[in-house]
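Protein chains in written order, with our numbering: chain F, 16 to 127; chain D, 1207 to 1322.
Just so you know, these hints were derived from the structure itself, not from any lab.
Take these hints with a grain of salt, some might be off.
[Stated by the list, open to error] Chain F regions said to be covered by chain D (calculated; three or more residues, Cβ under 8 angstroms):
1) 53-61
2) 101-110
[Claimed, not checked] Derived coverage of chain D by chain F (criterion: at least 3 residues anywhere in the stretch with Cβ under 8 angstroms from a Cβ of chain F; other residues may be distant):
3) 1245-1255
4) 1308-1317
Beta carbons are placed, not taken as given, at the ideal position from N, Cα and C, and that holds for glycine.
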Amino acid sequence: KQEVTQIPAALSVPEGENLVLNCSFTDSAIYNLQWFRQDPGKGLTSLLLIQSSQREQTSGRLNASLDKSSGRSTLYIAASQPGDSATYLCAVRPDSNYQLIWGAGTKLIIKP
Amino acid sequence: DTAVSQTPKYLVTQMGNDKSIKCEQNLGHDTMYWYKQDSKKFLKIMFSYNNKELIINETVPNRFSPKSPDKAHLNLHINSLELGDSAVYFCASSPGLAGSHQETQYFGPGTRLLVL
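Excised from the complex, chain F in its bound form (with noise of 0.2 angstroms):
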């Protein structure tokens, strides 16, 4: 059965620094990894899919790399500002269905 988990649950880092948030899942054989933002009070923001054939796929100041045969996958968020404060979910797509599978999220805080 297939498991996400993203650890730290919480992370708090000052402005300006680069950052990394970490997803790890227990089944290799997964269609493709996305990387969700999730703002208090509203829904979540599709910020990058990465197909299984793929090891990275880059938007602005976020990178997000695939490690299949380790089962991990890394968000890279560089000169981090405070609006970047947010919720981050990770979410595998398993070959087999048509399901999301989701970790609990690392809620990000950056401090001016």
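We have chain F already, so just place chain D on it with the hints.
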């Protein structure tokens, strides 16, 4: 313009009542979803519709019934509400089917349901 909208944003109701949550997307997407986010922040898919047809129906109580009058709307009706139904319910849509290359999902702001 709001891409995926849900109403109401907050819903407080008594146990045993029947309530509905509405979802509309103006993105022209073919696929819509309902998710439940529990107190531990895990998101679980409940239903998915593609062009008004049910394609995913996870193990949820029969008290939950989705209705899609057209592909821009997916409403969720809940009968005989229970305490354990308290959660945040998210609607989402995507251009294509989950698992396709058009699967990026766009989420609504959520409906916070509290059953007393």
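Establish whether the coverage given for the region 53-61 of chain F by chain D is satisfied; the threshold is a Cβ-Cβ distance below 8 angstroms, and no fewer than three residues must meet it. holds (count 6)
Verify the coverage statement for the region 101-110 of chain F against chain D, using a C-beta to C-beta distance below 8 angstroms and requiring 3 or more qualifying residues. holds (count 4)
Take the region 1308-1317 of chain D, compare each residue's beta carbon with every beta carbon of chain F, and decide whether three or more fall closer than 8 angstroms. holds (count 8)
With a cut-off of 8 angstroms between beta carbons, are at least three residues of the region 1245-1255 of chain D near chain F? holds (count 7)
Of the numbered hints listed earlier, not one is contradicted by the structure.
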